[in-house]
Each structure stands twice: as C-alpha cells, then as structure tokens.
Amino acid sequence: MIAPGHSLGSVTDKISSIVLRRTTPRGWFIGLGIGLLLVGVLLTAIAELLFKGVGIWGLNNPVGWGFAIINFVWWIGIGHAGTLISAILLLFRQEWRTSINRFAEAMTIFAVMCAGLFPLLHVGRPWLAYWLLPYPNTMALWPQFRSPLLWDVFAVSTYATVSLLFWYIGLIPDFATLRDRAKAKPFKVIYGMLALGWRGAARHWERYETAYLLLAGLATPLVVSVHTVVSFDFAVGIIPGWHATIMPPYFVAGAIYSGFAMVMTLAIPMRKAFGLEDFITLRHLENMAKVILATGLIVAYGYTMEAFFAWYSANPFESSMMSGRMFGHYAWAYWLLIACNIVTPQLLWIKKVRTSVGALFVLALVVNIGMWLERFVIVVTSLSNDFLPSAWDTYAGTRWDWMLYIGTIGLFLTLLFLFIRFLPMISIFEMRTMVPGTSKKEDA
Amino acid sequence: MSQLPILQDGGAGAPVDQLPEPTEAEVRAIREELSGLSGDAYWERLEALSETGPFRRFLARWFPSQAERLRDGVERRDFLRIMGASLAMAGMGACTRQPKETIVPFARTPEYLIPGKPRYFATAFPTGRDALGILVESHMNRPTKVEGNPNHPTSLGSTDAFAQAALLGLYDPDRSQSVLLAGEISTFDDFQTAFRTQLDEAQANAGAGMALLLSDTTSPTVALLLEVLRSRMPRLAIHHWSALHRDAEREAALRLFGRDVEERFDLARARVIAAIDSDPLAFGPGNVRHARDFAAGRKPSSGGMSRLYAIESTDTLTGAAADHRIGCKPSVVEAVVRFLAAELGVDVEVPELDAERTAFARALAADLRSAGSAAVLIGGDSLSADARLLIHRIHAALGCVGTTVEYVEPTTPWQDGAVEAIRSLAGSIRAGEVRTLLILGGNPVYDAPADLDFRSALLDVPFRAHLSTIVDETSELCHWHLPEAHFLESWGDARSLEGSYSILQPLIAPLYGGRSVLELLASLAGEGDSSAYDLVRATWMRRTGLEGREFETLWATSLNDGLVHGAREEAVAVRPRSGVTVTGTFPTTFRGYELSFRADASTLDGSFANNGWLQEAPRPLTRLTWGNAVLMAPMTAEAIGVENGDVVRVSKGERSLEGPVWITPTHPEGSITLHLGYGRTKGGSIANGVGFDAYRLRTGDASWTADGFEIERTGRSEEMASVQDHASMEGRDLVRVTTFDRFKKNPHGTEEHGGEHGEEELSFFPDYEYNGYAWGMVIDLNACIGCSACMVACQSENNIPIVGKTEVARGRELHWIRIDRYFGDEEDGAEVLHQPIPCMHCEKAPCELVCPVGATVHGPEGLNEMVYNRCVGTRYCANNCPYKVRRFNFFKYSDYETESLKLANNPDVTVRSRGVMEKCTYCVQRINHARIQAKEEDRRIADGEAMSACMQVCPTQAIAFGDINDHGSLVAEQRKDPRHYALLEELGTEPRTTYLARVTNPNPSLGKA
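If you read the protein sequences in the order shown, they are chains U and Z.
Take the first sequence: its position 1, counted from the start at 1, is 43 in my numbering, and no numbers get skipped.
Take the second sequence: its position 184, counted from the start at 1, is 189 in my numbering, and no numbers get skipped.
No lab work stands behind these hints, which were simulated from the structure alone.
Be careful, since some hints might not be right.
As the list claims (entries may be wrong) - Okay, the calculated bits of chain Z under chain U, using three or more residues with CB under 8 Å as the criterion:
1. 367-375
2. 725-731
3. 819-830
4. 848-859
5. 970-984
What the hints assert, rightly or not - SDA-like, lysine to any residue: derived pairs with alpha carbons at most 20 Å apart:
6. 849(Z) - 277(U)
7. 94(U) - 896(Z)
8. 94(U) - 155(Z)
9. 94(U) - 901(Z)
10. 94(U) - 812(Z)
11. 56(U) - 310(U)
12. 849(Z) - 274(U)
13. 897(Z) - 170(U)
Beta carbons are placed, not taken as given, at the ideal position from N, Cα and C, and that holds for glycine.
Bound-form chain U, shown alone:
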C-alpha cells in the first residue's frame, strides 16, 4: 500500500511540501499555460456560440444532438471514478483507494463542471436554460417532469453537490495540516478558514468519521443513479439504437470504465512528476487495471447485446440501424470503438501489461478515446438513420464543435493544475494511517 521506509512525518512532509514549497516547478507553469490557452479557446467558442447560435455546430435535422451531448456524457462518465473510489471502495474497505481518492474526487468535480457546461450551452436559447429548474414563478409554470432531460438536471446537480461536499469534508483535516505548516501569512489565513477550526481533537475525528461515512452512503447510490439517468435520455427515446433496456447498466459500467481510465491517465504522469511512486504504487495501478478490465467486459457485453437485440427482435428499424452502424457511413467509428474498448483492453489479462506503467498509460488513453467514440456512435448513428429513409442525413463536427470540446479539456487541465499546486493531491491524514503500525484499522 505504501512503500517501505515511510514514517508519519515523512508522509506529511512529502505531500504537504508539494503545496507549501515556495518555488513552483517550471513544468507546472507550462501545464497551466496550456490549460489557460485552451480555456481561451473555450471562451472563444462560447462567445461565438452565444452570438450566432447552435448553427455553428454540425447539427442538422435528423441529428439534433452532436458533440455537446457526446461530450456531456463523456465527461459525466469520467466523473464516475471519483465517487466510486471514494464512496464505494471506502464502504468496501478497499484501503488501496486512499492514495488516489482525493485526486479522483477532484477529477470528478472538474469533470462534472466540464460536463455541466454542455447542457447549458447546447440549448437553442442558453439564456433561458434556467427554465429547466423547478423554480416558483408568476406564471406558475413548472418543468415537464416526464422528460429525462429534467431528470438529468436533478441527477447531475445532486451528484455535483454531493461530490463537492464529500471532497471538501475529506480535505478538512488536511487543510488544518497545511494551516499549521504554511509559512506565509495569507496561506495561513486561507487554509485556516478552509480548515473550519479543525484541531484534531478526538471529538472532531469522531464526528468527522461519521459524517464521512454518511456522505459515502449518500454518494453510493449516485454512482449508479447518475449515469442511469443520463442513459434514460436515450433509453426513453423512441429512436432505434436508443430505445433499449440495456442502456442503464451498460452506461454505468462504461462510466466507471472511462473514469478509471482517466484516473490512470492523470495519475501516471503525476506520480512521475511529483515523485509519488511511493504512494501511488504499482499495486494501485494494477488494481485499477483490473477494474478497467472488469468494467470493459461489461461494456463489451453491452455492445454484444445491442447487436443481439437488433437481430433477435427482428425489428426492421433496429436491424437496419445496427447494420448501418456496422457497415454504413459511420462504420469507421463503430469498429474503432470496438478496437479501443473491447479488443485492446484484453491485453490487461497479462500481468506484465498490468504492471507496465507505459503500457497502462497508453491503454488508458485508448479507452478514453474509445468511450468518446461510444457516445458518438450512440448519439449520432442512431439519429442519422431512423425510421423514414427520406430523412436520413449525416453529421460531422465543425471546428466550433472541436474547439468547445478541446476547450473543456483545457478547463479541466487548468483546474487540475491549480488543484495540485494549492491543495494536497493525496489525502495526508489517510496516508498516515497507511504507515505500518499506525493504522487505526489495523489496530481494530
């Protein structure tokens, strides 16, 4: 769980020094610079969008949803790993989660922020997007509660709130550590305020443990519910390729799959850059690889069942959609998705691959791309090829679509870089419990 030779003090020093040291590594500035540059791209794309309308994207009449919804689902999916790691693995007492949970939770929050941008921006009149909220108004108008899009609003906002709280509660003892160790006055003050007067008293710890456990309990159903609700956007629709009962489990598995892949994508370079190999060990990476392999198999089962349903149902619309997906205009996307999400991850059966940092990084990237393609295939191929052949049309993202997508990656990177510079990216107090002989859990 933690490399040998660490004491309580060395763990605290190691992690808090990343935040507290005066000199900032050049790489951090470069990384943040790239992030900010892409945020500029994001703002440009948003300005153009608000000024001209969603027509700047590649949408058309059969294909009313495109990159915006694909990216929304993709980001939300990525966010899933955070909750899973912090809540479910906590409840299951998977202690190896400790070194990656903070960082996965941060990733969750940033991913949900990126995801949240898309539903807001993708509507025709974004300035009226608040009409989706059930707020009291003089016209006594309510949202239409039968619409899955409305369920999305509730699911995603709940998820964002709980994730944020969970993350913050977990940070409080570490804020206190930073407060105590910070040299500069402003940092003392800021960390002090954030620490909410934490003194490490036994009563504090007792209440903290209870609150944390309760929140974990609260967050657990969210892991399942959020992506289930997101999948309802499709499953409730009548469109062949959307209208399938397999959607919810298959979406949840896909979300965890992509979430772990993203954690891996970020963790591997980070442990290298900050010398955290002792905390995020190969064992961690291997465990994550196993989760990826398992969820990847569920996803593969989902793809197989989709194809099976299309054939077994003998529904001409379903089978036409499926053959269109496999051999039509977007066949490249489908087969690339299969290659990325089903074929390549099978390499993880091999222990050598699971323990090779380089291979894991490449595989994680491949899965990230594959999961984006999965959403592309679901959203676009189904819409472009439905009931009346006369209405069939194809879709392709424009440069504005790509700019908005890349822009959100920039936003994600920016927030991430700020996070690793100013907050402890690994839970200090939890890592301390991992030092042999100190863990309360071991004692118990």
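Here the structure of chain U is known, so what remains is to put chain Z in place on it, guided by the hints.
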C-alpha cells in the same frame, strides 16, 4: 394666515391678472425646489412655496382663476388639496410637450377594414400563355397570401407553386425602385420627354425605326392596343419572345389546319391518357386544372381509374404519376410518335424501334384505340412540329376531337413564331433598321437563342429602353430601365387557355411607382391620358357591347368573381387539310449525347429565379434546391465516369457550359437534361450565381432538344443542396401501393400491417378524450402528384423563412411539410413515389413526452401544439420524432430587417427567432378564424371552413383536413376508405395525419403487373 403677507413683496396687492410675469429663473427655481421630493416633504414644500411671490406670479400667469381663489384664505387649502397633483404634474408650466412628429387622431376607419380580419380579392395570375384565377388575401390592404379562385375554371380553388410564390415577387427587396437612365436615378417624366422625340420621329415615318419586344401575354387590352399601334404606325415592328414558346404547335397547326389553334384538354373525360414528352400536370397552360381533372378520373374507391402512359425524354411529374412510363432519348420519342401514328392508321413511315419500345407502343396504341373518343394524347412543346401534327391526326383518327380535345384560338396575339420573331428583330437591328427599341418585360439578353447573340445586337440600337421588375441582364445594357408594376399592383385583363377571361385588379398601389406593359403601350398608342383602369373597362365595353348600368353590373360581378361572365372562348372547328404529310425525314443516326432543355420547377424560364421560396422548394424529382444540374441516367454517368456533384463540361462546337451532374435512375440513357432559368448574373441577390445558364447552349433551331453534344469531366465537383439523400424505402411500407385489379379483389389489402384493423392499440398511457373537435388530416397518395404547391403555400401561410443553399446542404431546411420521393419497384407500375409529410399530430406523441419545459403540448382538440415562447431549444423533441417533421431555428433565419419582406408575413402567425423549434401546426390560426366565426353564429365549425393551407392549394385535392369527430366530414369519410393507413403505425404513435394508399392501373398486356 388670513392675511397673505407674501402678496406684499412683488405683488403689491395688485389684482392677480395684473401681476407681472415670473422670470424664467424664478420658474426654474420653483421647479428645482420641488424636484426630487415626494410624499409629505413634497406637499410641505409646495405649501411653503405657494406663499412666495414668484410662485404667486407664476400661478397667476398660468392659472389666473385659481390664483384669484388663492387670495381667498378660506378656499386656499381646498384649492391646494384639489389641484395639488395636477399643479405638480402638468401645471408647472410647459413641462411636457407634444411629440414633434405629426400625430394623427383616430377619426374614422374605412368600411370593412377590420384589423385582424382579412379580405379576399379575385384577380388572375398571368403566366405568359395562360392565366390562373386566384383570390388574394389582404390584411389591412396588404396582400399576404394567394389562393385559388374556386369560381374560376382554371383553378377551382387550387394553384400551383408559382402562383403561391408570386406574392414574394411583389415584396422582393431586389425589385427595381426607380427609373434608371444609364444607371442613374431618373423619372418616368424624363423618360417620356426623351422618348417623345423618338416617337415623333417614328410617327413621321409610320413607325419605321421603332421596334417593340414583348413577352407572351393573353391580355385582350394589350392585344387591342397592339392593333391600334399597328393601324397608327404600320411600319412599327412588334416582336415577341418567350423562352417557353409553342412554335412547334403553331407550325403543326398552320400546316395541318391552315390556321393557328391551340389544344385544350379535358382530362376528366379521358380514360386513356398518353403524355408524350410533356408534363401537363405540372407545367404549361392549364396545368392546375389538368391535375384536378386527372385526379378526378382516378378514384379507385368510388369511380373508375383512367390509365396514364408517359413517353418522355426526361423525368417529369406526369411520368412519375403514370401507370406506364418509358424513357427515351428525344429522337426516339419522335420515333415512338410515328410508330403510334402508324399503328392507329395514320399514313406515315414506320420507324425502327427496339423490342421494349415496340411492345410499349403497341400496347398503348391498342389501349388508345379501345378508348376511342375517351383517349387523349398530350404532346409537349419540345416535340417537333411533325410529331405535333401526327398527334392531331391521331386525335382525328380516334375521334376524340370534341370530347377530350378541343381546338381554341391561340391565347397570345402574335402573328409569327417566337424564334422567328426574335430572329427577325435581331436581323433588323443588325441591318440598322431599329433606332428605338422598347423591350416590355422579358429578359432577352439572358434567354434569347444563343446563336442570335442578342447581347451584341442590342448594343447597336441607338435608343433602347427596358421595362422589368428587376434591373436585370437586359436592363444593364439598355439606356433606360423602367420599373415594371407587379400584377398585384396593376389593372389588366387576361385570358386562360381554358377560354375564360379575367380582370386583374390591383391589391395595392405600386410599391415603387412601377408601370405595367399595358400602361406603357397605352402611352405609346397616344392613350397615355387614360388610366389602365379606363383602358381595361373600354376593352370590355367594346367586347361585350354593354353600356351604362348593364356594364357596371357586369364589371362589378366580374371583379367580384374574378371571371368575366359570358365571355368564355368557344372551341373553333378546324378541318385537317388533306395531303399534309410529315415532311421532315426521320433522322436515324445521332452523334454524341442528346440534350433536352426544360422549364424548371422553381425558376420556370428564369423569371422566378429571384424567388427564395421557389429556389428552396426542392425540385420534385431530384430533391435538389438552389440550382440546376446536368441530369443523366446511372448508365450514362458510369460511362462518363462521374458521380453526383461532379462538374462536367457539355459542349458542341464553340458553345459549352459547365455544370454539376445529378443522376436520376429514371432518366433515359444517352441523353441529358438541362433545366433553364439559372446562372443569372443580374437576377437579384437570390438568383445571382445559382446554377448554370443552360441558355448558352440553346439555339433557335434547337430550342428544346439538340444532339451532337460532348460531355467531359472537369475533375472538379460541387456541393449540391439535396434535401433527401436516400431514395429507397428500404423495404418499409411507407408508401403503400397496389394495383387497381388487386384493389378491386381485396380493397383492404393495403390496410393491414401487424395489428388487425380496428383493434385497440395497447398503450400504458390513457387515451385523451375529445368532446369537441378532433382535427385530422388524410393525404391521398393516389392523388398526390408531388408538385410542391403545398410546400410553398405552407411557407407563405406560416411565415417560414428560407435558409439558403449552405444551410439546406447541411440539412437544415425549415419546410413544415415536405414531399418525400422514393424510387419504387416497377412491379406496381409506380417507379416514383411521392409522400407529403406534415406533422402527424400523434395521439401518443413522442415529442410531447421528452420536452423538459413543456413547450410542446397536447391540445384539447388533438393538435400537437408548439409553444414558441416556452421553447428553450433542447431539440430532444425533434430527435424523438419518428417522422422527423420538426424543424429547428439553428440561426436567426427569419428576416427581421428587410422592410418589404415584413409586409409579406401573415399577421396571424408568429415570426420565429433563433433557438426555437417549429413545425406544422395544422394551420391553427385558420382553425381559430373559423372558430371565431362559428362562435359568433353559435354553431359548430362546418366541414371545409377550416382548411389548412396545404389542403386549400392542392391542385389534386390530395389533402383532406377537418374534424374527425364530425362523421359527415370529408376527412372522417376518407378515414373509412379501405386504402386508409397510418405511417409507421407499428410505433403506436397513433398519428392524426394518415394516408390513402396509391393505386396504379397498369395495362395487363404490358405484363409488368
């Protein structure tokens, strides 16, 4: 305070009206004292102020009587109490002013002019060689919609797409707005002065040196004025040119009958119809009535079915509607006509035909023979005079003259053929005989035969003037450009081929001071003092011989009905001269590719090129918008090695053009079709640069078909804006087709699908209850010919903006009703299938369920209603619509800026902005109009009172709309038809818009059935 000390200072007890005026500074000081105060503070301050000298003087100046009372201590408080407010607001001197613009008080409104209540005026839409009786809807004196005139035999209440789009032509922002002299703004007076010297000179020489060039017109008043001109100036040269001419028909009639006559057809009486390289249902004189009569002759459920054959060198809507269609190269069409003539006993050499065409022609001939007088052959303008002559002889041989065919006087007043006329004009210009040329309408620089090089000839004329609605290619080259009045702006008259006469009445004063052809001819004929109104009346007084009250009655009823009663043109008896034979030898070998020139479904001959509604209406057979294409068969394309959109060069000698290829599976091999009317350079902002100009290859000798062309690839390709990329139904039973024989055996054959007829649909959702009205629509696919009139009518009625070529190419067209076109199997004889798709207004609408803000809801009468205000634009509803009828405003497509286009909008329909979903509403505004009327009269809305725009315009009455709760209604009746079915009914959406299956009537001996 019984004494008022303040009066001592400045006032000195003088009577109030003698107090000196307050100075401006004092008044300002008073205002400042009070400004910014409110409530008690205000009143206290006002009271204190009222005791000062300046205030007293101020009050005395402006309210002497009140100041008088203020002196009286007892009443002063009362006065303050009563008048305080008005003092403060209005009384503080001239604080407020009237607006500096002149405002006009409401005095009285003209009778019948009720805001929100449209009025209808009957007039006619002149279409060159024909006229269509129309009604024009007028809101507060501005025309907003064209409808067919139910009383007029050419229309019977319907119109084609051109008539619908004519309204947009009126408000076209590119219309010329002033007289131009060499491009500089001038006036009609200046033109008259300049022209006077030319006219005087010409008149001195009996008109020599002056020439007129007109386009086709059927106006009796114009004809009369031309006669006057001919008699006054015998040497005045009167020429005419219209690209869509009937020279071959004219020549055939002259040769066979010794006089020019035109054919008019009665398709309702015809049992066997053969359309020979013609498109009588879609184009040319009588098209609207042809379509109506054709549909009337094909009612499988209630009556019989006529049989339609089409032999054609290009794809036409008539061919698409045919039971048997055969595509041939133009030369082979000619051969088929000869073969038919020979089969039917006309003395003509029998040409060689291949086996398929021989069998086709034999079967057709046999069918025609058995139909006898109920047969009819309709030859197109593109046929040779020989073929037209043979068709006359076939008609005579079959005995159908007088039943299905009649001969009438030509509608146009010309004495020579169009090519002959323009050729002689070009000749006389080149010979230096034309010093003054007045071009009244038309655009010869653009559309005259290419071999005449009319452009260079025109430049040789020393004085040239052009009357037209747009400063076009011809205007550019003329000294004078004169703005032409739109037909909705001018008085006139017109004859239809059918024989009826109409008076054209203006709906609106000319927007830009334009003049009509009639007015210019009148001033030329020295009748300049009489208005067009007087001239038209004079014509009709002369023609009817009526005067005084009798004439006034006729005039009033004619204007009201849109038809001059008792003035129908009767058939003329003509006798074929004996011994007339087909003179031309039949050419047996052809070089290169053959080519057909055709009028375009959107631009016609180019005159509608600047009409956005038409440009964006997909061409019915290719589904292309915004441009023309080199149409060819798949085999031809393969031979050349091109695909859709590849640009090819079509050339013959020095003449060539480049255009993109479009492949249609029904096009005959070895020939190509070019549609006229594109490639405009000065046609207006819509027309310019759209498509290629096919006139560049069109010579006087080969107006319609030509041969010897070479086609080569250029290696480039162009984006084509097609609205439908997929032409196969993929085996889905979307358009259901059966044959008449099968239908007679099993009328319900097209009805079943999955669930049994009449079985209750299983649904988790409770059914809605409709105790009042329940609106529904039935579309008869057997009647629909795919003409697009409904699409343009809907666009006009519902303020649907055009989106332009790029947006259409991206798949973002906004039409609320579209006409899907599929290529079917030939088993049922139906190769081309049309299916109009408006909103289905589903009972269990998938769109309603998914909208997160409730912007699309189920109305109490079953309408699926769109609430634009509430829509935030998630587009979820459009995604979830299985019929894909929802349209999204991806940008701000509606024109909020152009003033003239605002006038074209229907005030009853919201203009949609960016980010909002829209779709067919079943013309809910029309339902509500009918509802108001019915409520006023305390009754239910009667059937036919609330007509959707598509239903009203449909030339074949394919669309029935009404209340399905009313068991006597047309729509309820049609829902009981055995051909009735719902599109995609297996989805359980329970659509309110349903269909009647198409029935074909193939000839058993042709073996396809």
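- Are residue 897(Z) and residue 170(U) close enough, with their CA atoms no more than 20 Å apart? At roughly 16 Å apart (the allowed maximum being 20 Å), residue 170(U) and residue 897(Z) satisfy the hint.
- 8 Å C-beta test of the region 725-731 of chain Z against chain U, three or more residues: The restraint on the region 725-731 of chain Z holds, since 3 of its residues have a Cβ under 8 Å from chain U and three suffice.
- Measure nothing beyond the straight line between the CA atoms of residue 94(U) and residue 155(Z); if it is 20 Å or shorter, mark the hint as holding. Not satisfied, since the Cα-Cα distance of roughly 45 Å exceeds 20 Å.
- Stated coverage of the region 970-984 of chain Z by chain U [criterion: 3+ residues, CB within 8 Å]: Answer violated; 0 residues pass the 8 Å Cβ test.
- Message: Given the hinted pair residue 56(U) and residue 310(U), is their Cα-Cα distance within 20 Å?
- Response: Cα-Cα ~18 Å, so holds.
- Query: Would you say the region 367-375 of chain Z counts as covered by chain U, given the rule of at least 3 residues with C-beta under 8 Å?
  - Reply: Three-residue rule not met by the region 367-375 of chain Z, so violated; n is 0.
- Query: Has the given pair, residue 94(U) with residue 896(Z), been kept, meaning a C-alpha gap of at most 20 Å?
  - Reply: holds (6 Å)
- Message: Check whether the Cα positions of residue 849(Z) and residue 274(U) lie no farther apart than 20 Å.
- Response: Given that 20 Å is the threshold and the Cα spacing comes to 19 Å, the pair holds.
- Given pair status - residue 812(Z), residue 94(U), alpha carbons within 20 Å: holds (14 Å)
- Straight-line alpha-carbon gap residue 94(U) to residue 901(Z), limit 20 Å: Given pair residue 94(U), residue 901(Z) holds - Cα atoms ~15 Å apart, limit 20 Å.
- Task: Would you check chain U against the region 848-859 of chain Z, counting CB to CB pairs closer than 8 Å, and say if three or more residues qualify?
- Result: Holds, because 7 residues of the region 848-859 of chain Z bring their Cβ atoms closer than 8 Å to Cβ atoms of chain U.
- Keeping to a limit of 20 Å between CA atoms, is the pair of residue 849(Z) and residue 277(U) held or broken? Between residue 849(Z) and residue 277(U) the Cα gap is close to 17 Å, so the pair holds against 20 Å.
Checked against the numbered hints above, the structure violates hints 1, 5 and 8; every other hint is satisfied.
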